[in-house]
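Asks: Each chain, letter by letter, is given below.
There are 2 protein chains.
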Amino acid sequence: MTIRAEDRAAAGQIPLFAKLSTRTSARLFRAAQAHHFGTGSVLFREGDAAEHFHVALDGYVCLKASDGRGEDHVIEFVRPGTAFIAAAVMLGRPFLLTAQVVQPGRILFIPADDFRQAAESDLALAVALIRASSQHWRSMIGQLKSLKMQTATQRLASFLLSLAEGQGEPATIELPCERRLLATWLGMVPTSASRAFGELEKIGVVGHGSRLQIRSLEQLAGYARGVPFGKTSTASRAARR
Amino acid sequence: MTIRAEDRAAAGQIPLFAKLSTRTSARLFRAAQAHHFGTGSVLFREGDAAEHFHVALDGYVCLKASDGRGEDHVIEFVRPGTAFIAAAVMLGRPFLLTAQVVQPGRILFIPADDFRQAAESDLALAVALIRASSQHWRSMIGQLKSLKMQTATQRLASFLLSLAEGQGEPATIELPCERRLLATWLGMVPTSASRAFGELEKIGVVGHGSRLQIRSLEQLAGYARGVPFGKTSTASRAARR
Numbered sequence: 006m007t008i009r010a011e012d013r014a015a016a017g018q019i020p021l022f023a024k025l026s027t028r029t030s031a032r033l034f035r036a037a038q039a040h041h042f043g044t045g046s047v048l049f050r051e052g053d054a055a056e057h058f059h060v061a062l063d064g065y066v067c068l069k070a071s072d073g074r075g076e077d078h079v080i081e082f083v084r085p086g087t088a089f090i091a092a093a094v095m096l097g098r099p100f101l102l103t104a105q106v107v108q109p110g111r112i113l114f115i116p117a118d119d120f121r122q123a124a125e126s127d128l129a130l131a132v133a134l135i136r137a138s139s140q141h142w143r144s145m146i147g148q149l150k151s152l153k154m155q156t157a158t159q160r161l162a163s164f165l166l167s168l169a170e171g172q173g174e175p176a177t178i179e180l181p182c183e184r185r186l187l188a189t190w191l192g193m194v195p196t197s198a199s200r201a202f203g204e205l206e207k208i209g210v211v212g213h214g215s216r217l218q219i220r221s222l223e224q225l226a227g228y229a230r231g232v233p234f235g236k237t238s239t240a241s242r243a244a245r246r
Numbered sequence: 006m007t008i009r010a011e012d013r014a015a016a017g018q019i020p021l022f023a024k025l026s027t028r029t030s031a032r033l034f035r036a037a038q039a040h041h042f043g044t045g046s047v048l049f050r051e052g053d054a055a056e057h058f059h060v061a062l063d064g065y066v067c068l069k070a071s072d073g074r075g076e077d078h079v080i081e082f083v084r085p086g087t088a089f090i091a092a093a094v095m096l097g098r099p100f101l102l103t104a105q106v107v108q109p110g111r112i113l114f115i116p117a118d119d120f121r122q123a124a125e126s127d128l129a130l131a132v133a134l135i136r137a138s139s140q141h142w143r144s145m146i147g148q149l150k151s152l153k154m155q156t157a158t159q160r161l162a163s164f165l166l167s168l169a170e171g172q173g174e175p176a177t178i179e180l181p182c183e184r185r186l187l188a189t190w191l192g193m194v195p196t197s198a199s200r201a202f203g204e205l206e207k208i209g210v211v212g213h214g215s216r217l218q219i220r221s222l223e224q225l226a227g228y229a230r231g232v233p234f235g236k237t238s239t240a241s242r243a244a245r246r
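From first to last, the protein sequence lines stand for chains L and S. Each residue of the first sequence is one higher than the one before, counting from 6 in the numbering used here. Each residue of the second sequence is one higher than the one before, counting from 6 in the numbering used here.
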C-alpha cells in the first residue's frame, strides 16, 4: 500500500523532506499512511509508545497535557506543514503529550522504526532534522519567555499577531481552536480569557467566535510588548533594532 | 594552542562527545579553548552572534532573558557536563538568551564553524546531537507543563527534588544561584519566593542561604504533585504507575 500522490507531494513541501535521496524516500514512505481527521480526533495520548512519526499536512493539531485533575492544558499548537514530536520517536520513548486535531486535515503517519533508521543512516536527513528541531527549539524559547515575562493578555496579543503574519490591515484571522482551549495554552482560566479578549477589543481586535479582525497590527504589537496605548510607534521601532 | 588534557577528558564524558572519530575529534578540538569563570561571568548576551558552541564542563550556568524593563528572567539552568544552545550555532543565528555563570567552573568553547561543519559531515555526531537535543526537548516540555499546571511553590518543590536526585534522606542540596534569580525561573516575584520557601519549611525543607536539607523526598514529591499533606504515599504510588 502506498500513500496518495498528493499526500506524498504535500510531505515534500516541508523542509525536513524537501531533499530526500531516492533510497531514503523509499524507506520513509514504504509503509507510511495518511488519513483525514475531523476536529477532536485524538492521534495519540500522553504515555503512549511512539509508534509513528507524524506530520500535519494540513489542519491544526494541538499538543496538550492533563494535569491529573481532569483538566487539559495546551502546550503547543502544530501548524499545517509541520512534523511533530520527533524527540519521542528518535529516543524510542513514550509521548509526553497528547495530540488532538483542532482543525480538520490530513495527517501523515510514518512508522517510528522507519523514520529513526532513516535519520540514523542518512546524513542529509539527520542534518535536516537538526535544523528543523533547532528552529522549533527557538520558537519554544519564545513561548517560555512569553510565559515568564508577559501578562496573559500580552501573550494573547502575541499569538493573534502570529496568526496575522504577512497580512495587511485590517487583518482577518481565524483562531485554530475554541477560546476555552486557547486559554489553557496562554496559562489562564476561561474567565480571564474573556477579560483578555475584552481588553484587546479596546485596541481594535474585534469579532465573534473564531473569526477576528485586527485593525492595527502595530498597535497590537506595541500592546504585546507592554507599551501604553499611543506609544506603539516607538515600541515598534525599538523592536526592529 | 590545544586545550588541557583534563578539559579534553571532561568533554569526552558528555554523551555528545563520547564516541567521536579521530577525524571529528581533531576538527572539534583544534581551536577549542577552556577557561575558568567565576560567578557572575557573562559568556554571551541575548542578540550576540553565535561564535562558539559551549559546554559547561563543571559549574552551573543560567540562561536568561531581559524583559526590556531592566529585569532578567532565568529561562533555564545548565547543569555541569552539558552543552548549551546548539540551535543558534547550527542555524548560524544570534543567541536568544544570555548565558551567565552562577557557580564557578570551567567552560569549553568550540568555534561555531568547526562544530557546525563537524555535525554536518559526521553522521555519528549528527545522531548524537539529535539524541541530546531530543532529551533536552523533553526536559523543556516538563518545564512548560510545570509553568502551566503547577503553582509556584509546587514548581519550587519539583526543582529542589531534581537537585536531590540519587540522594538518601535527609537529602542535602545546594541551590545553584541566589534565591532572587531562582524566583524568576519559577516565574514569580521575590516576595512570593520567600512565601514558597516558608511553605516548604512546613514539610521539612529547612536551611539558610543556598544550602538546604530535605527531610522526606516522598513528601516533597507529593507536594509537587498537588497531594495534601499526609497522603503522599498514595501520590507516590500513583506516580510510579
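Rather than coming from a laboratory, the hints here were simulated on the basis of the structure. Be careful, since some hints might not be right.
[What the hints assert, rightly or not] To give an idea of the interface, some chain S residues facing chain L are shown, with a C-beta separation under 10 Å as derived from the structure:
{"#": "1", "residue": "Leu-68"}
{"#": "2", "residue": "Asp-72"}
{"#": "3", "residue": "Glu-81"}
{"#": "4", "residue": "Arg-84"}
{"#": "5", "residue": "Val-132"}
{"#": "6", "residue": "Ile-135"}
{"#": "7", "residue": "Val-211"}
{"#": "8", "residue": "Ser-215"}
{"#": "9", "residue": "Gly-231"}
Please read all numbers here as calculations on a predicted model, not as lab measurements. Yeah, the Cβ is synthetic: ideal placement off N, Cα and C, and Gly gets one too.
Asks: Take the hints in turn and mark each one as holding or not.
Replies: Status of each hint after checking the structure:
1. Interface hint at Leu-68 (chain S): satisfied, since its Cβ lies 9 Å from the closest Cβ of chain L, which is below the 10 Å cut-off.
2. Nearest Cβ of chain L to the Cβ of Asp-72 (chain S): about 4 Å, under the 10 Å cut. The hint holds.
3. At a threshold of 10 Å, the smallest CB-CB gap from Glu-81 (chain S) to chain L is about 8 Å, leaving the interface hint in force.
4. Because the closest C-beta pair between Arg-84 (chain S) and chain L is about 17 Å apart, greater than 10 Å, the hint is violated.
5. The interface hint given for Val-132 (chain S) is met, as the beta carbon of that residue sits about 5 Å from the closest beta carbon of chain L, less than 10 Å.
6. The restraint placing Ile-135 (chain S) at the interface with chain L holds, with a minimum CB-CB distance near 6 Å, inside the 10 Å limit.
7. Because the smallest distance between the Cβ of Val-211 (chain S) and any Cβ of chain L comes to about 28 Å, over 10 Å, the interface hint for this residue is violated.
8. At about 22 Å, the closest approach between the beta carbon of Ser-215 (chain S) and any beta carbon in chain L exceeds 10 Å, and the interface hint on this residue is violated.
9. For the restraint placing Gly-231 (chain S) at the interface with chain L, the shortest Cβ-Cβ distance is roughly 7 Å, inside the 10 Å limit, so the hint holds.
Figure legend: structure checked against the earlier numbered hints; hints not met, in rising order: 4, 7, 8.
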